[in-house]
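*Asks:* Given next are the chains, with one letter for each unit.
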Amino acid sequence: MRLNLTHVLNSRHGKSLRFAVGRFPWRALIAAFGLVTLSSPAHAYIDPGTGGMLLQLLLGGVAGVLVIGKLYWLRIKEGFQNIFGGGADSEESSDKDGETGN
Amino acid sequence: MDVKFDPGSFKDPDGRIFEYQGNIYRTLSSSAADRMRAREADGTLAALIDQGLLIDSELVSASSVGLADASVGDTVMRHARIPVLTYPSEWSFDMLRDAALVTLDLLQQGLERDLMLKDATAFNVAFHDGRMQFFDTLSIDDYAAGAPWDGYAQFCREFLFPLMLTSYRGIEFQPWLRGSLSGIPVRAFARLLSLREKFRGPVMKHVVLQAKLDRSFADTDTEMRSSFKTMKFSKPMIVGNVAGLAKTLRKLSYEAGDSVWGDYASNHSYSAEDETTKRQFVDQAVDHLSPSTVVDLGGNIGDYSFLVAPKVDRVLCVDIDPACINTLYRRIRDGGPTNVVPIVGDLLNPTPALGWNLTERRDLFDRIRSESFFALALVHHLAIGGNVPLPRVVETLHRIAPSGVVEWVDKQDAMVQRMLRNRTDVFEDYTWDVFRSELERRFNIVKTVETHNGARRLCLLEPR
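Line by line, the protein sequences give chains A and B. Per my numbering, residue 126 is the first one in the first sequence, and the count goes up by one each step. Per my numbering, residue 774 is the first one in the second sequence, and the count goes up by one each step.
Possibly wrong hints are sitting among the right ones.
[Stated by the list, open to error] Pairs of lysine-lysine residues, derived as DSSO-like cross-links and limited to a Cα-Cα distance of at most 27 Å, are as follows:
{"hint": "1", "chain 1": "B", "residue 1": "K1008", "chain 2": "A", "residue 2": "K195"}
{"hint": "2", "chain 1": "B", "residue 1": "K1024", "chain 2": "A", "residue 2": "K195"}
{"hint": "3", "chain 1": "A", "residue 1": "K195", "chain 2": "B", "residue 2": "K978"}
{"hint": "4", "chain 1": "B", "residue 1": "K978", "chain 2": "B", "residue 2": "K891"}
{"hint": "5", "chain 1": "B", "residue 1": "K891", "chain 2": "B", "residue 2": "K777"}
{"hint": "6", "chain 1": "B", "residue 1": "K777", "chain 2": "A", "residue 2": "K195"}
{"hint": "7", "chain 1": "A", "residue 1": "K195", "chain 2": "B", "residue 2": "K985"}
{"hint": "8", "chain 1": "B", "residue 1": "K971", "chain 2": "A", "residue 2": "K195"}
{"hint": "9", "chain 1": "B", "residue 1": "K1084", "chain 2": "B", "residue 2": "K1020"}
[What the hints assert, rightly or not] Covered by chain A, according to a simulated footprint, are these stretches of chain B (three or more residues, beta-carbon under 8 Å):
{"hint": "10", "segment": "917-926"}
{"hint": "11", "segment": "980-986"}
{"hint": "12", "segment": "995-1001"}
{"hint": "13", "segment": "1008-1016"}
[To be verified] Derived contacts from chain B toward chain A, CB cut-off under 8 Å, selection only:
{"hint": "14", "residue": "C929"}
{"hint": "15", "residue": "V959"}
{"hint": "16", "residue": "R969"}
{"hint": "17", "residue": "F990"}
{"hint": "18", "residue": "A991"}
{"hint": "19", "residue": "M1004"}
For the record, the hints were derived by calculation from the structure and aren't laboratory data. Ideal placement from N, C-alpha and C gives every residue a C-beta, glycine not left out.
All chains should be modelled from the sequences, with the hints used to inform the complete structure.
*Replies:* Next up, the structure:
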């Protein structure tokens, strides 16, 4: 499953992902993961469908789990880039919705 | 042309409800008309109506029902009229659960026919003719391959979470649904549950994980819809989710722990003789007044509603206690009279007008006004329990119906004594003389009968 995930992410984010993995210290990963899991909602307006849509993906089996995993991974990457600054060039930010990769 | 559009029907651009010459119709956009014609032709509508899931509905040409010049399109849908629409915050536990199961059943059968429900609000369902029935035909849409069930989160907020709140936490859901027309938000609900409850399978899935995902991604720009195509999301996944939800709902238990009135029938203060007197009085009162509609205020589990149901078109049984209304609903569902409408309602704080422009949902009094009322063993709860002066009590009764039966409960009555046992008696004006003169200002008192050795009095009231 780990291989699959790497495959999915690599195929979409080729170079940038390899770059990130290469210099990824574990402490930063844990710190960044903390950002994802503990951050509180930023604004009052909520899209009511988000959790409902994503949960259905998650219940949809392995492929859904991978999609969710990827979404979290992109957040980790974003957090990581914010911590160390300068990493997010314009190509990277447009990458984050996963639709404009390659 | 007297076409009256329902101010609460505006969200779906495909059609609006309107009333014309006493009938209920729905306008149809051209695409909706095509869809509905197809559903009528392939027998879907008939099948759902036959099973009692969908309210009686049929397509008619506007000109055939005198609507040719009404600018409502060529084809309209005619629905059975629901004389009194009640809202989810006025339903009991089993009513909301049955409404949820009707919605899921409809969705499941729809998916088998390549159809989808485009939303899943509890307001698509009504209590009508003794059972919960779906009435928003326009919600039945075509299923698009690979799409998720868009109504899932709404279903959770308006059905699943309120029912879980009551079942797991013992907190009645009605005030929550009155407070928010869109139900209980997933993140708020996740905070209400204990750690132990969060480890229940369905809670972990539908509440904890959903809340977590919502918290993580609701405020991002991430587009998710395309992911469903990427991962080949399919119909069996929705079917599995729907079946799981139905199973979860069926397993929820309802224990009315704090019900004040649930045991009323077994521990009320009536002797057999007094009870016979009261039943006879009410029965004869209905013969005398011969109303077509009755509202039984504080009707408990509906004993008096059932008594007179065969003699009238409709009885609305309103009670503050959700447990009583739940018992009443079960009695109706298990073969009781289908012209009795169970309503959870607090006369000291009735459902107000709600929603957009305060016209989307009508206030309770606007809906329950009837030809006669019953106010049996009620006045002391309003006047002493709720500190409402007697003139105002009588004024409000008169506002609800111009005739009826009211029971006066004197201060020496055991029930009133119990209500006063821990408080100062500030009710100097709570006397039969004051009450009678207030009644006489608005009604003709035709007859009074004493029970409880004079501590209670039944009064038959005619319009003045």
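*Asks:* If a hint holds in the structure, say so; if it does not, say that too.
*Replies:* Consistency of the hints with the structure:
1. B:K1008 to A:K195: holds (23 Å)
2. B:K1024 to A:K195: violated (35 Å)
3. A:K195 to B:K978: holds (19 Å)
4. B:K978 to B:K891: Roughly 22 Å between the alpha carbons, so the hint for B:K978 and B:K891 holds.
5. B:K891 to B:K777: Since the Cα atoms of B:K891 and B:K777 sit roughly 26 Å apart, the hinted pair holds (cutoff 27 Å).
6. B:K777 to A:K195: Not satisfied, since the Cα-Cα distance of roughly 52 Å exceeds 27 Å.
7. A:K195 to B:K985: holds (15 Å)
8. B:K971 to A:K195: holds (25 Å)
9. B:K1084 to B:K1020: Not satisfied, since the Cα-Cα distance of roughly 40 Å exceeds 27 Å.
10. 917-926: With 5 residues closer than 8 Å to chain A, the segment 917-926 of chain B meets the three-residue bar; holds.
11. 980-986: Answer holds; 5 residues pass the 8 Å Cβ test.
12. 995-1001: It holds: at least three residues are needed, and the segment 995-1001 of chain B offers 7 whose Cβ sits within less than 8 Å of chain A.
13. 1008-1016: holds (count 4)
14. C929: holds (7 Å)
15. V959: At 5 Å from the nearest chain A Cβ, B:V959 passes the 8 Å test, so the hint holds.
16. R969: At 21 Å from the nearest chain A Cβ, B:R969 fails the 8 Å test, so the hint is violated.
17. F990: holds (5 Å)
18. A991: holds (4 Å)
19. M1004: Status holds, d = 4 Å.
Going through the hint list in order, the structure does not satisfy hints 2, 6, 9 and 16.
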